[in-house]
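Q: Sequence:
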Amino acid sequence: MAGVREKYDMEPKASRVEIWWTRVCIFAIESVMYKSVMYIAAYCLLVGLITRSKTQGGPAL
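Using this note's numbering, you'd call the opening residue of the sequence shown number 1 and step up by one each time.
You may find that some hints are simply not true.
Stated by the list, open to error - The following label-pair restraints were derived from C-beta to C-beta distances:
#1 Val47 with Ile26: 29 to 37 Å
#2 Glu18 with Tyr39: 24 to 32 Å
#3 Glu18 with Thr55: 51 to 59 Å
#4 Lys54 with Glu18: 50 to 58 Å
#5 Arg52 with Ile29: 32 to 40 Å
#6 Val17 with Gly48: 39 to 47 Å
#7 Lys54 with Met33: 28 to 36 Å
#8 Ile19 with Cys44: 34 to 42 Å
#9 Thr22 with Ser53: 41 to 49 Å
Rather than coming from a laboratory, the hints here were simulated on the basis of the structure.
Glycine included, each C-beta is placed from N, C-alpha and C at the ideal position.
Build the full structure now, drawing on both the sequences and the hints.
A: Right, here's the structure in full:
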């Protein structure tokens, strides 16, 4: 009977772990997307500054 009890005890834990992993994955995806947006914005600013400095005060493309 101990084996049956262990089986029933493991099932809620497994579902709880799945829910936790799902939350972690969603958080990771959101943070990566946010960071990538920030990196793209920083890259665009950097390219704009380099372009502006090369054209000696001209408008950045």
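Q: Does the Cβ distance between arginine 52 and isoleucine 29 fall inside 32 to 40 Å?
A: 35 Å, holds
Q: Is 51 to 59 Å respected by the C-beta to C-beta distance linking glutamate 18 and threonine 55?
A: 55 Å, holds
Q: Should the hint that threonine 22 and serine 53 are 41 to 49 Å apart at their CB atoms be regarded as holding?
A: Since threonine 22 and serine 53 have Cβ atoms about 47 Å apart, the given range 41 to 49 Å holds.
Q: Taking the beta carbons of isoleucine 19 and cysteine 44, is their distance inside 34 to 42 Å?
A: The hinted range 34 to 42 Å holds for isoleucine 19 and cysteine 44, with Cβ atoms some 38 Å apart.
Q: Is 24 to 32 Å a correct range for the gap between the Cβ atoms of glutamate 18 and tyrosine 39?
A: Cβ of glutamate 18 to Cβ of tyrosine 39: about 31 Å, so the range 24 to 32 Å holds.
Q: Between valine 17 and glycine 48, does the beta-carbon spacing fit 39 to 47 Å?
A: 46 Å, holds
Q: Assuming the hint says 50 to 58 Å, is it satisfied by the Cβ distance from lysine 54 to glutamate 18 or not?
A: 53 Å, holds
Q: Is it true that the C-beta distance of lysine 54 to methionine 33 lies inside 28 to 36 Å, as the hint says?
A: Since lysine 54 and methionine 33 have Cβ atoms about 32 Å apart, the given range 28 to 36 Å holds.
Q: Taking 29 to 37 Å as the hint, is the beta-carbon distance of valine 47 and isoleucine 26 inside that range?
A: 32 Å, holds
When held up to the earlier numbered hints, the structure conflicts with none and fits them all.
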